[in-house]
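Residue numbers (my numbering), protein chains in the order written: chain A, 1 to 576; chain B, 577 to 863.
In short, the hints are calculated from the structure, not lab data.
Any given hint could turn out to be false.
Unchecked claim - Computed list of lysine-lysine pairs in DSBU-like fashion (alpha-carbon distance at most 35 Å, straight line):
{"no.": "1", "chain 1": "B", "residue 1": "Lys839", "chain 2": "A", "residue 2": "Lys379"}
{"no.": "2", "chain 1": "B", "residue 1": "Lys839", "chain 2": "A", "residue 2": "Lys157"}
{"no.": "3", "chain 1": "B", "residue 1": "Lys857", "chain 2": "A", "residue 2": "Lys234"}
{"no.": "4", "chain 1": "A", "residue 1": "Lys116", "chain 2": "A", "residue 2": "Lys153"}
{"no.": "5", "chain 1": "A", "residue 1": "Lys238", "chain 2": "B", "residue 2": "Lys839"}
{"no.": "6", "chain 1": "B", "residue 1": "Lys825", "chain 2": "A", "residue 2": "Lys194"}
{"no.": "7", "chain 1": "B", "residue 1": "Lys857", "chain 2": "A", "residue 2": "Lys421"}
{"no.": "8", "chain 1": "A", "residue 1": "Lys157", "chain 2": "A", "residue 2": "Lys167"}
{"no.": "9", "chain 1": "B", "residue 1": "Lys839", "chain 2": "A", "residue 2": "Lys447"}
{"no.": "10", "chain 1": "A", "residue 1": "Lys157", "chain 2": "B", "residue 2": "Lys857"}
{"no.": "11", "chain 1": "B", "residue 1": "Lys703", "chain 2": "A", "residue 2": "Lys403"}
{"no.": "12", "chain 1": "A", "residue 1": "Lys153", "chain 2": "B", "residue 2": "Lys857"}
{"no.": "13", "chain 1": "A", "residue 1": "Lys403", "chain 2": "A", "residue 2": "Lys447"}
{"no.": "14", "chain 1": "A", "residue 1": "Lys234", "chain 2": "B", "residue 2": "Lys839"}
{"no.": "15", "chain 1": "B", "residue 1": "Lys857", "chain 2": "A", "residue 2": "Lys167"}
{"no.": "16", "chain 1": "B", "residue 1": "Lys839", "chain 2": "A", "residue 2": "Lys153"}
{"no.": "17", "chain 1": "A", "residue 1": "Lys352", "chain 2": "B", "residue 2": "Lys825"}
{"no.": "18", "chain 1": "A", "residue 1": "Lys403", "chain 2": "B", "residue 2": "Lys839"}
{"no.": "19", "chain 1": "B", "residue 1": "Lys581", "chain 2": "A", "residue 2": "Lys386"}
{"no.": "20", "chain 1": "A", "residue 1": "Lys238", "chain 2": "B", "residue 2": "Lys703"}
{"no.": "21", "chain 1": "A", "residue 1": "Lys195", "chain 2": "B", "residue 2": "Lys581"}
{"no.": "22", "chain 1": "B", "residue 1": "Lys857", "chain 2": "A", "residue 2": "Lys507"}
{"no.": "23", "chain 1": "A", "residue 1": "Lys59", "chain 2": "B", "residue 2": "Lys825"}
{"no.": "24", "chain 1": "A", "residue 1": "Lys447", "chain 2": "B", "residue 2": "Lys581"}
To be verified - Quick list of the computed label-pair ranges, beta carbon to beta carbon:
{"no.": "25", "chain 1": "A", "residue 1": "Gly399", "chain 2": "B", "residue 2": "Gln861", "range": "51 to 57 Å"}
{"no.": "26", "chain 1": "B", "residue 1": "Lys717", "chain 2": "A", "residue 2": "Gly48", "range": "18 to 24 Å"}
{"no.": "27", "chain 1": "A", "residue 1": "Glu119", "chain 2": "B", "residue 2": "Asn860", "range": "56 to 62 Å"}
{"no.": "28", "chain 1": "A", "residue 1": "Lys386", "chain 2": "B", "residue 2": "Gln732", "range": "44 to 50 Å"}
As the list claims (entries may be wrong) - Here are some chain A residues the structure puts well away from chain B; computed CB gaps all over 12 Å:
{"no.": "29", "residue": "Thr304"}
{"no.": "30", "residue": "Gly321"}
{"no.": "31", "residue": "Ala336"}
{"no.": "32", "residue": "Ala454"}
Glycine included, each C-beta is placed from N, C-alpha and C at the ideal position.
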Amino acid sequence: MLDQLSWKVGGQQGEGIDSTGDTFSVALNRRGYFIYSYRHFSSRIKGGHTNSKIRVSTKSRLANSDQLDILIAFDQETIDFNAHELRDGGVVIADSKFNPKVPEGNYRLFSVPFTKIAEECGSAIMKNMVALGASACVLGLSSDIFADIISDKFLRKGQQVVDQNMKAIQLGIDYMTENGGVLPEFQLVPADGKKRLYMSGNEAIGLGALAAGARVMPAYPITPASDVMEYLIKHFPKVGGVVLQTEDEIAAMTMAIGSSFAGARSLTATSGPGLSLMMEAIGLAGMIEAPVVIIDTQRGGPSTGLPTKNEQSDLYAVLFGTHGEIPKIVLAPSTAEECFYATADAFNYADKYQCPVILITDLALSLANQTVEPLDYNKISIDRGKIATPEQLAEVGAGQLFKRYAFTEDGISPRVFPGMKGGIHHVTGVEHNETGRPDENAQNRIKMMDKRLAKLNNMELPNSVTYAGSENPDVLIVGLGSTMGVIDEALERFQAEGLNVAHAHVKVISPFPAKTLNQYVGKAKKVVVVENNATGQLLHLMKHFGVEHSAMTSYLRYDGNPFLPVQIFDHVKGLI
Amino acid sequence: MATVKEFRNNVRPNWCPGCGDFSVQASIQRALGNMDLEPENVAVISGIGCSGRISGYINSYGLHGVHGRALPIAQGVKLANRDLVVIASGGDGDGFGIGLNHFMHAVRRNIDLTYIVMDNNIYGLTKGQHSPTSAFGFKAKNTPQGTIENALKPAQVALSAGISFLAQGFSSDVNQLTSLIEQAIQHRGFSLINVFSPCVTYNKINTYDWYRENIVNLEQDENYDSSNKALAMQKVFETNGLCTGLIYKEDRPVFQDLVPGYKEEAITSQELRLDDEYFAKVMNQFA
Ligand SMILES: Cc1ncc(C[n+]2csc(CCOP(=O)(O)OP(=O)(O)O)c2C)c(N)n1
Ligand code: SF4
């Protein structure tokens, strides 16, 4: 019996490939399995190959599997593009309609009349359901596992549609039972049946923002960030918030700043090209000390680059992107669960340090769906930071301006919001004095610059780096973002082989956790920094911020696809 | 009861003596005082340019942001706190050059705020380059042979984009301008007041006298009907954009009326924490 299984469904974009994968995933997630699903798609809307690779496991897995057990194909292209991933003895279940052929090798092909059976049930679109039935049969599962999802999905359209879909699933099972039956080598170990969630990083960010009290989101659509906005469009109306699709990212960023200045918790979400457009305004937020949260879901760059592919190449941009020098916090969660909590943290940090907070993810993390343990709302606090008290406001004399940029020991001055009596002051992107009045005096300039930068000077945020594995490893693997699950899986294999390897994952890029990283690299013989980019940005940042090691190298992948655990395992093994 | 005085602060503008922007500032202050608003309930959001400094010269909340972005910032402020009176302001370069895109969309969106542009047909702060509203053939620092681009006419653009309140003023007529600003603030929806506000330092063509000779005051025309869009269009074309007064006004729903779930209570006054039960519900949508 298997404790994990890898299943992929592929076809042309627009054929319902995602929803097929989704139905399969949710069904198994609800049975207590852990799911990790990764979508391969291109920037064409209709046509072009697309697939969903789904990993089903009895324990949490946050990476694509190295191999594939079962491939469901709606066209020959799917077989041609994906058969190389099939393991020895792997199975292809394909629509008999296109007369499928598998390449040479130890693969088994089941040609099933998906379309024909679907047509008998009422419509060819239900071929996906037939395929799900065939899959269920091979795994020894009954059609029951789909009942509640099919009803969730189609009841709006009437009971008849639900019944038709269930029938298509059952006919898929029946056909497969007669023409192959249950394959014992694909039986899964029963799952624990525990109730868990299933969500993408983007959805987790949306939920986190909602939970943290964000109520204004101006944004401009871009892959893979758009679903954060789409999630909040569904939910903000219920809590009195507003999502506004702006004319461009410059408007999105400046509008978010306006809302924040007025006292709301506001965010925007974008990806590389949009982030570049926001840079001037991010500088303004730093200068006027406006808290604001920016989500950057990285994709392949530069320029329009690989808009639907995975990359981690905006690190320099988020750190050094705006002109001049401002304090900036950059959080880099690595799982959907972390996305939820980190988004809530982002709002608290923004309010506490009164500066822009950028939360970066990568496409693999933003879009991949994964099983998540139930989220704990009690772990989320809402901390608005230093806000002027009525007493402080009462002290401001008539005709006087409030000292919004008062010099304080920690560089953080109390905020006021329009509407507060006594709080009137000046706000400008021009260098200013404590009341916000323009002031170019050299002494004032130095003091103000120091005040702003002092907010984050010589500090590390909590949990900036996680660490797993041997204390004094032969090799320390360092990564960030979605590579977390991939590296952890490689690490497990090293541990199984008794090899001395460890994994440090960076979760905050600014303020850069150089001290903690130095402690970790100091104990390792060799260090390898794993990244989805071509120039080794994280490694360069480590060096830039003074993380020293004599044997520190990069392992890079920048073809648009996430790493596989086996790649990291092989590469690191070569270093030992 | 607030008066004009309360909207004054003791900051001396760094505008050149004689700059048209002084009158715009005075008119805003008078309008706010006349309307009996409290300074803390007003936010003036400005862009960058000589004119953009205006937010610093009015005693109210305000934000002097980045070049061309007064409108999105102002819309963000108003969305977050619908109880504020929000005024966006800046120059013609700021609003119709770098910021034109935002202007068009603010018109479409019709968020309730007032936009006052100080149109001097030139870039003042950067020392005299031509602006989008400079006339064809206008000689400026960077157009020594005269501009070879047609001038943008703010009133035409605003009308054709579907603005719900359009007026133009002139820095020489503070009474009219004050009244227009009051009407614009009272109007529910996005309003533009384009003010002919001479730059006495860099623009030797569009002077006070030049405007006096060329401007038609629609308020002196008894037959003018500011609710007639076709007539408004006609006048704007007839006068080559050089008319003052209330040009057009219509009542249509503002953005906030149409946003699903948008509450009467300002977003900034709402409870941020979700009900535990509500959170459990939204979380379980992922189960
Ligand atoms: C992004 C950006 N580009 C250019 C500038 C330089 N700049 C400052 S003000 C200005 C033009 C101002 O013209 P206008 O809006 O007509 O205002 P005026 O000074 O005439 O009142 C320019 C180009 C800037 N501050 N920011
Ligand atoms: S340069 Fe022109 S616009 Fe600027 S302050 Fe002087 S007169 Fe006014």
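Against the structure, the hints:
1. B/Lys839 with A/Lys379: holds (28 Å)
2. B/Lys839 with A/Lys157: holds (32 Å)
3. B/Lys857 with A/Lys234: Holds: B/Lys857 and A/Lys234 sit about 14 Å apart, inside 35 Å.
4. A/Lys116 with A/Lys153: Since the Cα atoms of A/Lys116 and A/Lys153 sit roughly 23 Å apart, the hinted pair holds (cutoff 35 Å).
5. A/Lys238 with B/Lys839: holds (10 Å)
6. B/Lys825 with A/Lys194: violated (62 Å)
7. B/Lys857 with A/Lys421: violated (39 Å)
8. A/Lys157 with A/Lys167: holds (16 Å)
9. B/Lys839 with A/Lys447: Violated, because 42 Å separates the two Cα atoms, which is more than 35 Å.
10. A/Lys157 with B/Lys857: Holds, because 24 Å separates the two Cα atoms, which is no more than 35 Å.
11. B/Lys703 with A/Lys403: With Cα atoms ~33 Å apart, B/Lys703 and A/Lys403 stay inside 35 Å; holds.
12. A/Lys153 with B/Lys857: holds (18 Å)
13. A/Lys403 with A/Lys447: With Cα atoms ~15 Å apart, A/Lys403 and A/Lys447 stay inside 35 Å; holds.
14. A/Lys234 with B/Lys839: holds (16 Å)
15. B/Lys857 with A/Lys167: At roughly 31 Å apart (the allowed maximum being 35 Å), A/Lys167 and B/Lys857 satisfy the hint.
16. B/Lys839 with A/Lys153: Holds. B/Lys839 to A/Lys153 sits at ~31 Å (cutoff 35 Å).
17. A/Lys352 with B/Lys825: Measuring from Cα to Cα gives roughly 44 Å; hence the hint is violated.
18. A/Lys403 with B/Lys839: holds (32 Å)
19. B/Lys581 with A/Lys386: Distance of about 31 Å is within 35 Å: holds.
20. A/Lys238 with B/Lys703: violated (50 Å)
21. A/Lys195 with B/Lys581: violated (65 Å)
22. B/Lys857 with A/Lys507: Distance ~29 Å between B/Lys857 and A/Lys507 Cα, so the pair holds.
23. A/Lys59 with B/Lys825: At roughly 65 Å apart (the allowed maximum being 35 Å), B/Lys825 and A/Lys59 break the hint.
24. A/Lys447 with B/Lys581: holds (33 Å)
25. A/Gly399 with B/Gln861: 51 to 57 Å: This hint holds: roughly 53 Å between Cβ atoms.
26. B/Lys717 with A/Gly48: 18 to 24 Å: The hinted range 18 to 24 Å is violated for B/Lys717 and A/Gly48, with Cβ atoms some 52 Å apart.
27. A/Glu119 with B/Asn860: 56 to 62 Å: violated (37 Å)
28. A/Lys386 with B/Gln732: 44 to 50 Å: Holds, since A/Lys386 and B/Gln732 (Cβ atoms, about 48 Å apart) stay within the stated range.
29. Thr304: Its Cβ never comes within 12 Å of chain B, the nearest being 20 Å, so this holds.
30. Gly321: The assertion about A/Gly321 holds, with a minimum of 15 Å to chain B.
31. Ala336: violated (9 Å)
32. Ala454: Holds, because the least Cβ-Cβ distance between A/Ala454 and chain B comes to about 23 Å, which exceeds 12 Å.
Hints 6, 7, 9, 17, 20, 21, 23, 26, 27 and 31 from the earlier list are contradicted by this structure; the remaining hints agree with it.
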